[in-house]
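Kindly generate the complete structure, drawing on both the sequences and the hints.
Just so you know, the protein sequences line up as chains A and B, in that order.
First residue of the first sequence? That's 1 in this note's numbering, and the numbers climb one at a time after it.
First residue of the second sequence? That's 1 in this note's numbering, and the numbers climb one at a time after it.
None of these hints come from the bench; they were simulated from the model.
What you are looking at is a predicted structure, and each value in this text was computed from that prediction instead of being measured.
You may find that some hints are simply not true.
Chain B is faced by these chain A residues, among others (derived, beta-carbon under 7 Å) [unchecked claim]:
no., residue
1, Cys246
2, Met250
3, Phe276
Just so you know, even glycine gets a beta-carbon here, dropped at the ideal spot from N, CA and C.
The lines below spell out each chain.
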Amino acid sequence: MSASLCVVPDSISAGAPRPPSIHEVGARIKSHEWVNGEYRLLVLDAPASILNCEPGQFFHLLCPQTDRFQPYLRRPMSIYSFDAARGTLSFLYKVAGAGTGALAELQPGATLNIVGPLGKGFEIRPEWQRPLLLARGVGLATLAPLARECARLDRPLTAVCSARSPELLMSTDLFRSYGAEVITVTDAEGNSGVESLTTLIERLIRSRGIDAFFTCGSARLMRMLQEMGARHGIVGQVALEQQMACGIGMCQACVRPFRRETGAVNLRVCREGPVFDLQEVL
Amino acid sequence: MADLTTKIGTLTLKNPIMPASGTFSEELAEVFHLDTIGAHVTKTITRGKRAGNPMPRVCEVGGAMLNSIGIPSKGAEWFVKNVVPFYADYDAPLVISISANTADEFARFAEEVSVPGVAAIEVNISCPNIEDDGKAFAMRPGPTGDVIRKMRSATSLPLWAKLSPNTGEVVEVAQAAEAAGADALVTANTMLAMAIDSRTGCVRLGNIMGGLSGPALRPITLRMTYQCARAVAIPVIGCGGISAIDDVLEYLIAGARAVQVGTATFISPTTMPRLVRELEQALVGRGLPSVDALIGTVEVAYEAITLAEYA
Ligand SMILES: Cc1cc2nc3c(=O)[nH]c(=O)nc-3n(C[C@H](O)[C@H](O)[C@H](O)COP(=O)(O)OP(=O)(O)OC[C@H]3O[C@@H](n4cnc5c(N)ncnc54)[C@H](O)[C@@H]3O)c2cc1C
Ligand SMILES: Cc1cc2nc3c(=O)[nH]c(=O)nc-3n(C[C@H](O)[C@H](O)[C@H](O)COP(=O)(O)O)c2cc1C
Ligand code: FES
Numbered sequence: 001m002s003a004s005l006c007v008v009p010d011s012i013s014a015g016a017p018r019p020p021s022i023h024e025v026g027a028r029i030k031s032h033e034w035v036n037g038e039y040r041l042l043v044l045d046a047p048a049s050i051l052n053c054e055p056g057q058f059f060h061l062l063c064p065q066t067d068r069f070q071p072y073l074r075r076p077m078s079i080y081s082f083d084a085a086r087g088t089l090s091f092l093y094k095v096a097g098a099g100t101g102a103l104a105e106l107q108p109g110a111t112l113n114i115v116g117p118l119g120k121g122f123e124i125r126p127e128w129q130r131p132l133l134l135a136r137g138v139g140l141a142t143l144a145p146l147a148r149e150c151a152r153l154d155r156p157l158t159a160v161c162s163a164r165s166p167e168l169l170m171s172t173d174l175f176r177s178y179g180a181e182v183i184t185v186t187d188a189e190g191n192s193g194v195e196s197l198t199t200l201i202e203r204l205i206r207s208r209g210i211d212a213f214f215t216c217g218s219a220r221l222m223r224m225l226q227e228m229g230a231r232h233g234i235v236g237q238v239a240l241e242q243q244m245a246c247g248i249g250m251c252q253a254c255v256r257p258f259r260r261e262t263g264a265v266n267l268r269v270c271r272e273g274p275v276f277d278l279q280e281v282l
Numbered sequence: 001m002a003d004l005t006t007k008i009g010t011l012t013l014k015n016p017i018m019p020a021s022g023t024f025s026e027e028l029a030e031v032f033h034l035d036t037i038g039a040h041v042t043k044t045i046t047r048g049k050r051a052g053n054p055m056p057r058v059c060e061v062g063g064a065m066l067n068s069i070g071i072p073s074k075g076a077e078w079f080v081k082n083v084v085p086f087y088a089d090y091d092a093p094l095v096i097s098i099s100a101n102t103a104d105e106f107a108r109f110a111e112e113v114s115v116p117g118v119a120a121i122e123v124n125i126s127c128p129n130i131e132d133d134g135k136a137f138a139m140r141p142g143p144t145g146d147v148i149r150k151m152r153s154a155t156s157l158p159l160w161a162k163l164s165p166n167t168g169e170v171v172e173v174a175q176a177a178e179a180a181g182a183d184a185l186v187t188a189n190t191m192l193a194m195a196i197d198s199r200t201g202c203v204r205l206g207n208i209m210g211g212l213s214g215p216a217l218r219p220i221t222l223r224m225t226y227q228c229a230r231a232v233a234i235p236v237i238g239c240g241g242i243s244a245i246d247d248v249l250e251y252l253i254a255g256a257r258a259v260q261v262g263t264a265t266f267i268s269p270t271t272m273p274r275l276v277r278e279l280e281q282a283l284v285g286r287g288l289p290s291v292d293a294l295i296g297t298v299e300v301a302y303e304a305i306t307l308a309e310y311a
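Okay, here's the thing in structure tokens:
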């Protein structure tokens, strides 16, 4: 890293103290089911105060201490769905290590301490009339609220969903229920490589008039879209992950380098992100 | 009602709960009203711009964490123009933490940041001294005294020296800071540590080594607080592993006049306002009229029986 990289963009303005917008609450677990061999869907009863969310935002979960796992820091998790009318908030997560392993042991009726909503979500600009979404792995969770937002804004959406195997393709029915055109690719079927996807997306750009990209879940696919976007003049956004400590913007644990007019800058994934301009990611 | 105010030299804090440097920022105003706490302490800044350390910058280790964030900084000028005004809307005093490579640079920097709106300077002397082979200033009394003495003649603001648990000369360093004109001590910063993933054989921090913070640090920094409170006349501010009200009471009893809360804010961002509420309840529960009545009341219990000698 060069010494010219600086952190904390000029986003903080002086001003009168605002009412709290980030909340720490205990939420009751309504249901908690496996959706396949790796992922679980966690649905919480949540107070209205925390349900003023944007697609792409996340919560910071205090995973419990169990006999097997003793996680210490919180774990960031994208919002899979939020419904202020019903008072529910859900997460779709992959059981990975100590934190998610402990989380997976929680039973319905138990309380989970969560902090949020956090970060900056997706922005669907008015000129983006024909978006394409490319999701892989956990990206299928992160991009779900975006599909709903596209439906709300009446933007026809094409969702390309990628996974290792058909069994791990989640959210496709959800995407369809939002009216999206869903195309699935998997490693098992041999059509999820960069080459096949480039051909597929080139075709979609021509036939559907794609004018914006959204992606999450794979660095390889993000690079591919950056390259295609540069070639076709198509802009877009990406939701990124980075290890976090505070999740709120205090600690600088989660920075990544981005291209800005002034040169390379380190930005906090938890604060300036997790959603970033696709072409700014270095 | 109990009186929660506490005096740190010439500054009166409305309560003894404040954040630790590097674990607090303007964003916390989106979680609770920042005037709930006794003071605001900013992340350490350097005069020039710095990028900070490589990733990963944090990892967790059995109920505690390691960090090697480093000191990413946008520089003094940016800080004075953008961060200091933010805190002008609050009554709680603003304490800014600074670091530098040499004692002279510390002094020059102190002068530059002695601007309206800043109530005190916390001196982060746990950083490497480039004139002493990279050893942290706070490792030894000599370099500690140098930094504080030079800063003392460069600013009239109160100086809080933040000590390091990595030294074997805690009392000597504390006394050197006091003799050189420090107005308070903060005990303490993180302890140098490391972690390895035994499965992959890889070190778990990008910077290889990092600072241990959280509950595991508390017995060490509590011991330092006790040692310092007995060895100096200036106020000592306890810091290290505080997350529950009993931890706060422990430090006050050991002699701290106030405490700083760090890592606990990451685990629960509402920790500080909760501790303020619980401190009031705890004092009332003990029938104490004020925080002052608890400070330094530690009792040393001696066992009356004589231990048998080994034959
Ligand atoms: C903004 C954001 C949104 C996310 N949304 C989802 C989601 O919707 N569904 C989902 O399954 N996962 C999501 N993740 C990834 C999820 O946070 C990690 O899988 C989880 O933290 C792993 O924790 P663990 O203790 O089980 O694993 P371990 O590997 O034991 O974790 C060790 C440490 O590394 C961190 N870590 C490990 N993997 C990641 C990662 N990919 N990103 C960030 N930190 C990581 C952990 O938080 C923990 O501090 C998201 C990450 C971020 C940053
Ligand atoms: C992520 C992180 C960043 C920190 N940055 C600084 C810093 O910039 N300057 C400083 O003096 N101390 C810094 N510290 C140390 C804390 O201020 C505090 O001394 C230490 O963490 C012990 O307190 P705790 O156990 O309550 O966290 C940092 C600690 C953490 C965890
Ligand atoms: S996780 Fe602390 S700044 Fe992003």
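The hints, checked one at a time:
no.	hint	result
1	Cys246	4 Å, holds
2	Met250	4 Å, holds
3	Phe276	16 Å, violated
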